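Work out the full structure, taking the sequences as your base and the hints as a guide.
Residues per chain are reported as follows:
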Amino acid sequence: MDRNNLGKWLKSPGKMGQKYSLHALYFCTGCGIIEIPPSITTRWDAERFGVIPVATPRQANLFLITGYVSVKTLRYIIRSYEQMPEPKFTVGFGSCPINGGMYWDSYNTIKHLDKYIPVDGWIAGCMPRPEAVFVAVTHLWTLIDKGMADGYNKYRANYQYYRENQEKILGKLEWPPLFSKNIKHEEYRTIA
Amino acid sequence: MKNTGQLLKEKLLLSFEDIQAEVSDEHRLTVNCRKDTVITVLSFLNNSGYDHLALISCVDWIKDNVLELVYILTAYAEDKGKAKMNILVKTRITREKPGLHTVIPVFENAEPYERELHELYGIHFMGHPRLTPLFLEREYKIPPFRKDFDTRKYVQEVFDQIPFVEDKKAEK
Amino acid sequence: MVMTTILEIIFIILLAGIIGLFFLGLSRKIMARIHWRYGPPITQPLIDIIKLFNQTSMSHGFLFNFGIIFSLAGSVVVLLFLPFGRICPLSDSGGLLVILYLMLIAPLGLALSGGEAANPYTSIGISRKLLLAFGYELPLLLILLTVMTHYNTISIVEIVNKQFQAGWSFQHLSLLLPGIAYILILPAILGFRPFELIQAPQEISSGPMAEYSGKFLALTTIQHAFNIFISISLFTNLFLGGAANPGYFFLKILAVFVIFLFANAVFPRFRIEQAIKYLWRWPSILAFAGLIIVLITGKNF
Numbered sequence: 023m024d025r026n027n028l029g030k031w032l033k034s035p036g037k038m039g040q041k042y043s044l045h046a047l048y049f050c051t052g053c054g055i056i057e058i059p060p061s062i063t064t065r066w067d068a069e070r071f072g073v074i075p076v077a078t079p080r081q082a083n084l085f086l087i088t089g090y091v092s093v094k095t096l097r098y099i100i101r102s103y104e105q106m107p108e109p110k111f112t113v114g115f116g117s118c119p120i121n122g123g124m125y126w127d128s129y130n131t132i133k134h135l136d137k138y139i140p141v142d143g144w145i146a147g148c149m150p151r152p153e154a155v156f157v158a159v160t161h162l163w164t165l166i167d168k169g170m171a172d173g174y175n176k177y178r179a180n181y182q183y184y185r186e187n188q189e190k191i192l193g194k195l196e197w198p199p200l201f202s203k204n205i206k207h208e209e210y211r212t213i214a
Numbered sequence: 680m681k682n683t684g685q686l687l688k689e690k691l692l693l694s695f696e697d698i699q700a701e702v703s704d705e706h707r708l709t710v711n712c713r714k715d716t717v718i719t720v721l722s723f724l725n726n727s728g729y730d731h732l733a734l735i736s737c738v739d740w741i742k743d744n745v746l747e748l749v750y751i752l753t754a755y756a757e758d759k760g761k762a763k764m765n766i767l768v769k770t771r772i773t774r775e776k777p778g779l780h781t782v783i784p785v786f787e788n789a790e791p792y793e794r795e796l797h798e799l800y801g802i803h804f805m806g807h808p809r810l811t812p813l814f815l816e817r818e819y820k821i822p823p824f825r826k827d828f829d830t831r832k833y834v835q836e837v838f839d840q841i842p843f844v845e846d847k848k849a850e851k
Numbered sequence: 050m051v052m053t054t055i056l057e058i059i060f061i062i063l064l065a066g067i068i069g070l071f072f073l074g075l076s077r078k079i080m081a082r083i084h085w086r087y088g089p090p091i092t093q094p095l096i097d098i099i100k101l102f103n104q105t106s107m108s109h110g111f112l113f114n115f116g117i118i119f120s121l122a123g124s125v126v127v128l129l130f131l132p133f134g135r136i137c138p139l140s141d142s143g144g145l146l147v148i149l150y151l152m153l154i155a156p157l158g159l160a161l162s163g164g165e166a167a168n169p170y171t172s173i174g175i176s177r178k179l180l181l182a183f184g185y186e187l188p189l190l191l192i193l194l195t196v197m198t199h200y201n202t203i204s205i206v207e208i209v210n211k212q213f214q215a216g217w218s219f220q221h222l223s224l225l226l227p228g229i230a231y232i233l234i235l236p237a238i239l240g241f242r243p244f245e246l247i248q249a250p251q252e253i254s255s256g257p258m259a260e261y262s263g264k265f266l267a268l269t270t271i272q273h274a275f276n277i278f279i280s281i282s283l284f285t286n287l288f289l290g291g292a293a294n295p296g297y298f299f300l301k302i303l304a305v306f307v308i309f310l311f312a313n314a315v316f317p318r319f320r321i322e323q324a325i326k327y328l329w330r331w332p333s334i335l336a337f338a339g340l341i342i343v344l345i346t347g348k349n350f
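Residue numbers (our numbering), protein chains in the order written: chain A, 23 to 214; chain B, 680 to 851; chain C, 50 to 350.
Some hints here could point you the wrong way.
Stated by the list, open to error - Which stretches of chain C does chain A cover? Using the computed rule of at least three CB atoms under 8 Å from a CB of chain A, they are:
id, region
1, 219-233
2, 252-258
3, 262-274
These are computed hints drawn from the structure, not numbers from a lab. Predicted model only: the values in this text are computed from it and were never measured. Ideal placement from N, C-alpha and C gives every residue a C-beta, glycine not left out.
Spelled out as structure tokens, the structure:
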């Protein structure tokens, strides 16, 4: 942990700020949420890493999806994700968002979350222990340091593909596209 | 000394004609009836003190080609000395174009249960004020809780057909 | 002379910001220790603010931007009228009455800004904030009236000077009741529990803050830090005798803040109507009784 390294703070304050102030939005779908209260309270205390839960997507920059994603939930996950300010990081918690987990042949559960929104990291397991959240956070720090946690840039660059995938499952989306449709894919990339 | 279930069974058999009732143990009374007498049986039971509709459930007997609806009734207020009773009112309807009358006039809380059954089993409840979707987001050709709905095939057809974004980019 | 005033203004704004942010960090650390947690580093609010300034921020229109600046400016202006130790840049120009008026600007600015956001949670939070301000204004007015009558002046610098000669206000029997009343309403002014109903993250998604992102959230955090500094400084100046130098003054406000933090850590939350009932009953009665005692015993100075 290089939180007290003043040289790094002066060199890249934005990156260091993003690393050590992860305001988490817990999307409480399914059973994963049961692991979150111990990890933010007395026993494990996520706040010492700078991770605190916030109430609205506008204030958050870490999106933690804890548990299975049904088709109806996906709609609100996408809306919450698009409301978050950039830079934003997504972490899938548990095996269900990775590949469906025990809902692998369910008629109403999304199998791969990263087909619909970009995901920067996964925490595998059913259920992962609260320690796994901290492993994920420290891993996310390394990714941010190397500039590899760029899911939000990927979303910007490939927005039309993501939107096509979302519309295949949810039908016609009732909200307007986050990024203008007039720009071609190549131009998204230059923006990113 | 007959217990409550036996007494109720005799009362039911006296009041209705084509109806079978069976007391499996002291807490359970099973009543089988035709689909057009369900509402009268339910209102009879409601008046006899069993005033709580706990659940409407459904079983898909695909070999007999019928759907079996189960109305589970209990009583809010238990009398002293009276055993706690669960009454299962069962009725069988055909699988093709299944439909029967709603029981909302008798039990008002049946509305969400009937909407759920309409959505998951495709049963049409006549006289229901709003049979709109409750849980599901997508439309299904076969209602998903029926036995002939192949979930694995459905997953392969719908969820597995959606490509990863990286693959899609590589194609173009 | 002008040069010193300008220097003092810059100095006091910087100092208030630093002290306010230190208090926010300290509050998170102490709260964590009371919960038997390790807690974040004491610089965590500063880290948050650096991050928030490096995020994209969504605006909801002109009033949304203007309201935050307005409320921040209101807080900054109040700072200039409060003596910090012996430092008080605009001590000649105003007194308690000016402070009383200017303290209302901060909630009004947030109300303007939140109203533009058109989020239902924001509207609920703002209505609660204004109602709570309405609730504590009555006892606060009575308390300030009592203090002004007792010392026969409206200048806060003069009140502090008189306390140097005659001891803290708490030592005068006639000002004891208003002092207790101020202690009772201070959590409401600070937004601490049991009056945390403005933000109430579990209930109304952090209320007025619900739509703020990026630099807007950073500015509201700074405003909150200023607000904490102002309300505790006012209490210290009026009742704990101010201080002869900034260091001693800082120790005094630190002690007051930590005591209220302990109360914040253990209390549950009022509902808004309970809060108004409480604020208009006990603190108001105490302050009113104090006013009558001061009027009967006559002016001491």
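Run through the hints listed earlier and report the numbers of any the structure violates, in increasing order. Hint check: 1 fails alone, others pass.
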